[in-house]
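Number of protein chains: 2
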Amino acid sequence: MSGVFTEASMSLDGYIAGPGESGFDLLFRWYGNGDVVRPTAQPDRTFRTSAASARHLRTLDDTGALVVGRRLFDLTDGWGGMHPIGRPVVVVTHHVPDGWPRQGRWFTFVTDGVESAVAQARELAGDRWVGVNGGSISRQCLDLGLLDEIRVNLVPVLLGGGVPFFDRLAKAPVELTGPTVIEGDEVTHLYYRVRQP
Amino acid sequence: MSGVFTEASMSLDGYIAGPGESGFDLLFRWYGNGDVVRPTAQPDRTFRTSAASARHLRTLDDTGALVVGRRLFDLTDGWGGMHPIGRPVVVVTHHVPDGWPRQGRWFTFVTDGVESAVAQARELAGDRWVGVNGGSISRQCLDLGLLDEIRVNLVPVLLGGGVPFFDRLAKAPVELTGPTVIEGDEVTHLYYRVRQP
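So the sequences go chain by chain: A and B.
Numbering of the first sequence is given in our numbering, commencing with residue 539 and proceeding in unit increments.
Numbering of the second sequence is given in our numbering, commencing with residue 539 and proceeding in unit increments.
No lab work stands behind these hints, which were simulated from the structure alone.
A couple of the hints might just be wrong.
To be verified - Estimated spans, in silico, between C-beta atoms of each pair: (1) A:A589 / B:L707: 27 to 35 Å; (2) A:G716 / B:F566: 16 to 24 Å; (3) B:K709 / A:R609: 25 to 33 Å; (4) A:G624 / B:R608: 54 to 62 Å; (5) B:F566 / A:D681: 20 to 28 Å.
What the hints assert, rightly or not - Among the chain B residues that face chain A by a calculated CB cut under 8 Å, a handful are: (6) G552; (7) V690; (8) V695; (9) L696; (10) G698; (11) T715; (12) P717; (13) V719; (14) I720; (15) T726; (16) Y730.
Stated by the list, open to error - Which chain B residues face chain A? A few, computed with CB under 8 Å, are given here: (17) D551; (18) G664; (19) E713.
As the structure is a prediction and not an experimental result, all values here were calculated from the model.
Every residue, glycine too, gets a C-beta built ideally from N, C-alpha and C.
Hey, can you work out the whole structure from these sequences and the hints?
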């Protein structure tokens with residue numbers, strides 16, 4: 539079984555970033571608080587997690603392609619040329635950035651919207667999952683009925699403000715089923731399915 | 539071990555009520571979606587939960603007294619004279635409501651603030667827990683360093699707006715430990731400890 543999922547590390551009060559882009563040290567602590575080593579596609583970047591969180595990270599192996607917003611692409615400077623999970627990335631943007639081909643090996647730039655981006659990512663993913671990153675893109679997918687699963691890495695902290703994971707939903711309430719729970723150290727991994735109406 | 543806890547049923551996006559006081563049917567569904575019968579102190583009110591949620595509800599037996607805000611007291615019309623869990627309630631208010639004694643068997647009205655209310659509830663609770671209800675009172679307790687535990691009944695729904703459980707915190711981030719997890723049906727019970735600085 540595959541489909542489209544989104545995933546984020548989120549505070550108990552619902553934020554994926556604290557006020558003024560703060561809080562990442564707390565939200566991402568679980569990536570480095572254990573003994574199980576997981577290399578990434580970037581040689582200088584290695585995760586060291588609890589055994590439970592390593593089990594969670596292994597679910598990413600079943601991801602065939604990613605969809606991200608232009609903001610995330612710019613923030614990370616295109617992850618230095620390849621995303622850490624080593625899969626092709628479809629970037630939703632208004633304009634193809636200078637110096638990049640519209641369709642490269644690791645990055646495809648889509649200028650006609652989220653729905654088209656997800657369709658192209660499905661092609662690239664084959665029978666594996668498409669991962670959708672960033673609150674705004676995830677919300678648009680949810681509004682369009684394109685999202686099958688929401689994976690939350692729930693972190694034991696209250697950030698008190700910042701960027702909500704889900705905000706300004708076009709159609710609410712959105713009912714979910716689950717979750718499947720993986721209890722990590724300083725994080726609880728929760729996988730919800732979106733109930734399609 | 540005892541202390542001061544707060545508890546609420548909360549959507550995955552952090553709301554304890556949806557827009558315009560909506561969403562309660564979804565947030566409280568788990569109180570009635572199972573076979574395990576739990577009577578309350580009110581003869582006409584009975585919970586029917588999953589076995590897991592029944593285990594969660596039994597933790598309430600160790601509650602000795604409650605602190606609530608005046609708004610909740612008014613909304614429920616004083617729970618018809620006694621709170622469903624059958625424990626004394628301390629109400630934080632500016633004025634003692636007409637027709638009620640300042641200090642009755644089931645209700646005590648405190649007009650000098652949250653800290654005083656918690657102190658009086660501790661007296662009433664003896665060696666049992668004090669439960670603090672309502673987002674605003676809970677936030678004040680957290681800001682004052684009076685809160686030991688946060689119990690969240692996390693419900694698989696996105697409400698998209700409404701009343702956040704924790705909002706406008708005076709001191710953020712607030713780090714927590716845990717959670718202890720009880721996996722119910724259509725709810726995940728999560729108990730967090732507040733890290734005192």
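Going through the hints against the structure:
no. : hint                        : in the structure
1   : A:A589 / B:L707: 27 to 35 Å : holds (33 Å)
2   : A:G716 / B:F566: 16 to 24 Å : holds (19 Å)
3   : B:K709 / A:R609: 25 to 33 Å : holds (30 Å)
4   : A:G624 / B:R608: 54 to 62 Å : holds (57 Å)
5   : B:F566 / A:D681: 20 to 28 Å : holds (26 Å)
6   : G552                        : holds (3 Å)
7   : V690                        : holds (7 Å)
8   : V695                        : holds (5 Å)
9   : L696                        : holds (4 Å)
10  : G698                        : holds (3 Å)
11  : T715                        : holds (6 Å)
12  : P717                        : holds (6 Å)
13  : V719                        : holds (6 Å)
14  : I720                        : violated (10 Å)
15  : T726                        : holds (6 Å)
16  : Y730                        : holds (6 Å)
17  : D551                        : holds (5 Å)
18  : G664                        : violated (29 Å)
19  : E713                        : holds (5 Å)
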